[in-house]
Amino acid sequence: MRDWLHRIGTGGLAVALLAFAGLAGAQFKIAYIDPLSGGAASAGINSQKHVIFFTDRINAAGGLNGEKIEVLSYDNKVSPQESLIVLKKAIDEGARIIVQGNGSSVAHAITDAVLKYNERNPGKEVLFFNYAAIDPALTNEKCNFWHFRFDADVDMKMAAFGDAMVNDKSIKKVYLINQDYSFGKAVAAAAHRMLAQKRPDVQIVGEELHPLQKVQDFSPYVAKIKASGADTVITGNWSNDMLLLVKAGKDADLKVKWFTYYGGGLGSVPAIGRDGVGTLKQVTEYHNNVSPTLPPEEVEFHKRFTDKSDEMYYWRIRNMFAMLQAAAKKAKSNDPVKLARALEGLQMDTPYGPMQMRADNHQLLQPLFVSTLSDKAKHDVEGTGLGFITDEKIDAAKTALPTTCKMTRPS
Amino acid sequence: MKELVAFSLLNGVVYGLLLFMLSSGLTLIFSLMGVLNFAHASLFMLGAYLSWQISRWVGFWPALVLAPLLCGLVGAGIERFGLRRVHRQGHVAEILFTFGLAYVIGELVIMAWGRNPIENHVPAAIDFAAFRLFGTSYPFYKVLMMGISVGMFAFLYLAFKRTRVGLVIQAALTHPQMVGALGHDVPRLFVLVFAVGSALAGLAGVIGGFALLTEPNMAANLGPIVFVVVVVGGLGSIPGAFLASMLIGLLQTFAVAIDYSWLDLFRAIGLKVSSDSLLREVWSVKLSQAAPILPYVLLVLMLIVRPRGFMGTRET
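Going down the list, the sequences are from chains A and B.
So in our numbering, spot 388 of the first sequence is number 1768, and the numbers just go up one at a time.
So in our numbering, spot 85 of the second sequence is number 655, and the numbers just go up one at a time.
Okay, chain A solo, but in the shape it has when bound (with noise of 0.2 Å):
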């Protein structure tokens, strides 16, 4: 018996150090932290086979001034704690760039965690790019030099919402919906204030805050919201939250137009159907209409991911390593400080418009669209026959809004 633990012991170390070998060649490392598993998973692993995807274009084409690019993933069950403990063994392993996104208590938790570190170990920074936490607290009063977020924040979203209604006469009475913690109450407060300057006479006739991820059945919300006579729901919901929102508006009948922050992530398309056709809006940097052909990237992602699930999403993903690919190319260098300088100011130009990454708090400028479910849309979401065309385009300069972001840069 023990003759046997003892061989699979040597095995297994002898496994290990050729693994090991086997990675000590010149890798850029950079660590993928978000669920893998659990609730959120399917997120996740959406997410995660676009930043495989897009390094592995990079690498394709040379890698980061000859470094090839080494994805390491950790599962973190969004979970803050969980997520510290997989940071430490990220940079323990060698990771340089944290990416995250799911969840902004976990990316408040990270980006701590990550000044931190770089406080007390000079010389081996490590950097956060944040492609989905859009607290805007993360690019204001929580900001730091190590943090960049390349998604538009609650704000921001809220206001090119605001250029969608200004002119909609038929919006009067708006019902807001929310999840019950930072994010959801930030979309309330967002829309208090979106409301207040570009459509006062517009009357907000019930606000709720539910619990994140516990409600099975959404159709006393729905109740709630029909007697209230409102005609627009304003809702953050994202993942099961969203898509039974939708679901239990269907059952009752619920008329009204949806203007959602993630209404065209996995699986809302398929659960509200037709009935979202000219009511279901969602605000992102991408859709698959937003131009008429699809661009190569999408293309490319569709030969390999293949499943009705893998919907090419995360734009702001291909922006983000657009982003490090010409900050690398700029610093001339992979050190982390000198990327970090090389992205702040970085200006560049998408199919899709310009974008630019701010100085002053780090936050990814991109255009932004406001689109709208429909069943003449040349491409379509998951197989539904329906996708998303657009209403408004605001360009990235226009997105911008003024930061409270009081920044300490290493010397």
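Everything labelled a hint here was simulated from the structure, so no lab data went into it.
As the structure is a computational prediction, the values presented were derived from the model and not from experiment.
Be a bit skeptical, because a hint or two may be false.
[Unchecked claim] When the alpha-carbon atoms are kept at most 20 Å apart in a straight line, the in silico PhoX-like pairs for lysine-lysine are as follows:
(1) A/1409 with A/1594
(2) A/1504 with A/1773
(3) B/856 with A/1565
(4) A/1469 with A/1549
(5) A/1468 with A/1504
(6) B/856 with A/1594
[Claimed, not checked] Which stretches of chain A does chain B cover? Using the computed rule of at least three CB atoms under 8 Å from a CB of chain B, they are:
(7) 1444-1457
(8) 1587-1594
The beta carbon of each residue, even a glycine, is placed where N, CA and C say it ideally should be.
Please build the complex by placing chain B on the supplied structure of chain A, with the hints as guidance.
Relative to chain A, chain B alone:
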């Protein structure tokens, strides 16, 4: 207002009946075997996935029958080849076994159908409006759900009270050794009960699958609330479980509709709470925000005040 009350009532009843579908099998199994089956919600999930798969091949109505039967078979297998062996080691071993089983079923479901929610829509055969209320059409599948749930209750109640097997099961509830000594095959009774309980979970899954969301976490999401129903109703009592499901369904639904907080109550009785006073955050939580925790509050209160539940026959 009348509309909101009417729809809340309807939604509450529907949700309550769904909870009953889920918990009836669990309470049945517990009543006879004393096994707190943590894998019960997993069988519910299995029912949802199987019915979706089968209905793609042969249509919805056959799936409505076949999926529960398959779940019953799986349940029988679990009892015969798993639980029966573990039974000798006592209750802790049984609980650990079903706990582990829930994980195994969850992983198998992920392997077979993936992590994302599947597109389990209301089948075309039953996707029409049943009636109109205040100008809103009410979907037929919810009516069907109510019908099945009430049918389940009637079946279980009558089977318990009016059939020989039911009487034997009732006797085995309190005196299993004696029932065995009288020549009844108690182990076979166990298999039967576990199979029926699992089939009921499967049947609930067929309907619950498209009423809710068919995804690998549905078992974990619904597991806790089902235990609340069973404990509040009284372990082993079918009418108790029915009563508790309805109560919890209505409680939760109406709580969502009520936008008052403690602050409003204080204001109504003339108390002033300044914005910096102690626990202000707590007082300002609206009842609608607290709705999802109400069943658990009820559970705790019940365990303190009346540990055997509404209609239970023995202490929890």
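Now the hints, each set against the structure:
1. A/1409 with A/1594: Violated - the C-alpha atoms of residue 1594 of chain A and residue 1409 of chain A are around 36 Å apart, more than 20 Å.
2. A/1504 with A/1773: violated (41 Å)
3. B/856 with A/1565: holds (15 Å)
4. A/1469 with A/1549: Distance of about 54 Å is beyond 20 Å: violated.
5. A/1468 with A/1504: Distance of about 13 Å is within 20 Å: holds.
6. B/856 with A/1594: holds (17 Å)
7. 1444-1457: violated (count 0)
8. 1587-1594: This one holds; 5 residues, not fewer than the three required, reach chain B with a Cβ under 8 Å.
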